[in-house]
Amino acid sequence: MTGFLLIDLAIVFGQLSLLAFGGANSVIPEMQRQVVDVHHWMTPHDFAALYALAQAAPGPNMMVVSLVGWRVGGVAGALVTTTAVLLPSSILTLGVAGVWYRFKDADWRKAIQAGLQPVTAGLIMASAALLIVSTTVDWQAGLVTLIAAGLFLRSKLHPLLILAVAAAAGAVGLVG
Amino acid sequence: MSETRPPETRPDPSVFDLFLGFFIVGVCGFGGVLPWARRMIVEQRKWLTPTEFTEMLGLCQFLPGGNIMNVTIALGSRFRGIPGAIAAIVGLMAAPVAIVICLGAVYDQYAGFPPVRRAFVALAAAAAGFLLAMSWKIVAPLRANPWAVGIAVCTFVAIAVVRLPMVMAMPVLAIGSTLILWRVRA
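Those protein sequence lines, which keep their order, are chains A and B.
Just so it is clear: in the first sequence, position 61 is 61 by the working numbering, and no numbers are missing.
With the second sequence counted from 1, adding 1000 to any position gets you the working numbering.
The hints are simulated quantities; they were obtained by calculation from the structure and are not laboratory data.
In this text, all values refer to a predicted model and were calculated from it rather than measured experimentally.
Take these hints with a grain of salt, some might be off.
Derived lysine to any residue pairs resembling SDA-like cross-links, with alpha carbons at most 20 Å apart [said to hold, decoys possible]:
#1 A:Lys104 / B:Pro1050
#2 B:Lys1046 / B:Phe1023
#3 A:Lys156 / B:Ala1169
#4 B:Lys1046 / B:Ala1098
#5 B:Lys1137 / A:Leu153
Examples of chain B residues toward chain A, derived with CB under 10 Å [what the hints assert, rightly or not]:
#6 Pro1013
#7 Ser1014
#8 Glu1055
#9 Arg1078
#10 Val1157
C-beta: ideal position from N, C-alpha, C; glycine also.
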């Protein structure tokens, strides 16, 4: 592994950071294009496997970035891609959030804020729907999603307990 | 629109509180971090009211980068400036990066083992249910305003059904929504 490889990783993922409007999932196609077609760091099959693995791990849905970095450049690669994908967008957010907070009583900010609320709600529902489409591999998986959603809303059970029971049900062959 | 509260109950997390809170979110965050982050920030530690959280998330969705990473940065810096932002984001990322690398290392050996594969399928399905439940909590307060419901439905259709590119759809939706709600109120 060379320093040039780490620099290439930093450049690719630094750009993805500023392209990721609407979160990580919006840049997955571009990430695959860069990693597979442009730089030939892995096959499309490898990329899909890493993506699925990242979905199963805890953490933000950007975790595929760390995995790709690890596969290409080891632990150093993972640290480089993770930092590269975080830094540009974080600096932008720091600046914008500061201004936004300072003008919290301004009429124009209140108007924009009120306007953003329903769009935010629609976006979250859209992410949930798209995620459900990808996780519903059969009717049992769909049933798990519905039961889990009901329990999360109506019961006081700890979310981790619900997830653990679902995983165990899968392991013993009730689902999947 | 944010609710006012008496000064003595105003939250004041330290840099370490921010690190710890987001560290736990990172460890727990199976299937995406948003539901866990909202649970910690709004329901458990009460750093933000539900309205403040939705407002902050709304702003962060319009900036590039992971939504929850942006929320983490914005919230950390609101309470403790740049050190707070760094503590919060390092807390959020530390455990997941370590875990995902370990998962990658063992993946090749066990991927073909059916119980492991089926456990992941079921885990992903339940995690999707978690996100569905949390999105309902964010949508529910809008029900009083039919215009807001209409805009939320339009956004949902544009992104999830028509699959318009986000960069194209969001400016139109955001500006349209702001103008419509401004008009209705005036």
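Cross-check of the supplied hints:
1. A:Lys104 / B:Pro1050: holds (16 Å)
2. B:Lys1046 / B:Phe1023: Answer holds: Lys1046 of chain B to Phe1023 of chain B is near 17 Å, not above 20 Å.
3. A:Lys156 / B:Ala1169: Not OK: Lys156 of chain A and Ala1169 of chain B at ~38 Å, beyond 20 Å, violated.
4. B:Lys1046 / B:Ala1098: Answer violated: Lys1046 of chain B to Ala1098 of chain B is near 28 Å, above 20 Å.
5. B:Lys1137 / A:Leu153: holds (8 Å)
6. Pro1013: violated (16 Å)
7. Ser1014: violated (19 Å)
8. Glu1055: holds (5 Å)
9. Arg1078: Nearest chain A Cβ about 6 Å off; hint holds.
10. Val1157: At 8 Å from the nearest chain A Cβ, Val1157 of chain B passes the 10 Å test, so the hint holds.
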